[in-house]
Amino acid sequence: MRYAIETRNLRISYGKKEVIMGVNFKIPEKVVFALMGPSGCGKSTLLRSFNRLLDLNKDANVSGQVLVFGRNIYSDNVDVMEIRRQVGMVFQYPNPFPHLSIYENIAIGLRLNKMVQTKEELDSRVKWALEKASLLEEVEDRLDDFPSSLSGGQKQRLVIARVLAMKPKILLLDEPTANVDPVGTKNIENLLFELKKEYTIVLVTHEPAQASRISDFVGFIYLGELVESGPTARIFENPQHELTDRYVRGILSIGDKNGRNTN
Amino acid sequence: MGEILIEKIENLKLNVLEMGELAVNMLKDAVLALKAQDINLAKEVIKKKEDIAKMDEQIEERALRMIALYHPVARDMRVIAAVLKMITYLARVGRYAKDIAKTAILMADEPHASKLVEIPYMSDKVVEMITDALNSFKKEDLSYLTNFSERDDEIDSLYYSIFRECLTYMMEDPKNITKCTHYIIVARYLERCGDHACKIAEKVHYMITGERIEIK
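Protein sequence lines correspond, in order, to chains A and B. Each step along the first sequence adds one to the number in our numbering, with nothing skipped, and position 158 is 1080. Each step along the second sequence adds one to the number in our numbering, with nothing skipped, and position 120 is 135.
Certain hints may be false.
Pair ranges (Cβ atoms, derived) [unchecked claim]:
hint, chain 1, residue 1, chain 2, residue 2, range
1, A, 1003, B, 76, 57 to 67 Å
2, B, 62, A, 1103, 53 to 63 Å
3, A, 1031, B, 76, 51 to 61 Å
4, B, 178, A, 950, 54 to 64 Å
5, A, 1101, B, 86, 33 to 43 Å
Here are some chain A residues the structure puts well away from chain B; computed CB gaps all over 10 Å [claimed, not checked]:
hint, residue
6, 930
7, 980
8, 1015
9, 1161
10, 1168
Looking from chain B toward chain A, a few residues come up when the C-beta cut is under 8 Å (computed) [stated by the list, open to error]:
hint, residue
11, 17
12, 92
13, 157
Calculated directly from the structure, the hints in this document are not laboratory data. All values reported here derive from a predicted model rather than from experimental measurement. For glycine and all other residues, C-beta sits at the position ideal for the given N, C-alpha and C.
Given only the sequences and the hints, what does the whole structure look like? Please build it.
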């Protein structure tokens, strides 16, 4: 079986501080995989290692392997830009370019990467991306407006459209609904559910309920280690590890390492 | 929020244990009333049927509210799921106790056809099974549930033995037919209570381990 992402003994440190301590897991293609865990446990760091975004941080050291569709993205002859096109990232705060129109927010990446030849091609790819992100209907008549006129949830979907326009195979989302209201959250969750038919989605969330609603598989990260991973229904019905049990039930105290004294 | 739910679940468990105690006592008293031909005791059991029905309703309402408000998962979810099924089985045990008590009133005027040893013995065995299933629930300890399948087989054998014995009495003297039919029905109720003890044990097993088993 081919996996979208596979990590082998992945270790990440910032300076001397080790934040990911030898993590091994496999993410199948075209699923929603949720990485959940309390704040500060290393989820976002782990996510950023999947498209070499950590390269931008001089203190970050990565060892071990991250295989994207079987290829180690940390080997020497890898084109980082190519990896990032293949593995798109959406952050916690919706970050459309504020000085560019809704249309231009999507068009700019396509132009810079010379992914389209003609204006017609550009128009159709922009609309395709907005359609894929379930946003076209809502913004069709105001493509020249600035993104400031959009709601938080719409901004986030615009960012997703911007990523989709680059035709990635994998979408990484770092708490994409943390700053979005319940209606916006519902729209984004529905969108992810649709998108997994074509893309592999890795979602970081500190909210177990969100992981249980939309993911197919869950990995529970705690203090830099992968405590447990498996099918979502199994993790939420019958977790095998005491720490997972306590985390999903909302009774894990931060810093608790042994997982005893459970009720 | 997790701690609040845990406290509520602990209280819910106490309510279920209280209901279980009531069901067990009703069953014990009903069989005692039958053997001792004690109409007053039988009437008390019949009155308690209302109490157990009310408990069933209240516990269900509280459990459903916990699901609505706290979205329980993992162990919390399994306890609530087990409780929702257990209370139905316990309410049925209570209902059979009431039915046995009604039979006791019908049979209070005439002497028994025999010494009536097997029905109380069978009842004791069933009560032990229900009590063990409840202890397993209370202490989250699977050791109470070992041999449940064999114990249920023993209950079934006792039922057939009572059935055959009653047939003999009925063939000996047709005047025994009404009495013996009542005994068979009571034995059948007890056999059903044994099955409910097994169903409770299955749910407790799921609650503790997360795995579903079938006790045959």
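Legend entry - Violations among the numbered hints, reported as their numbers in ascending order: 5, 9, 10 and 13
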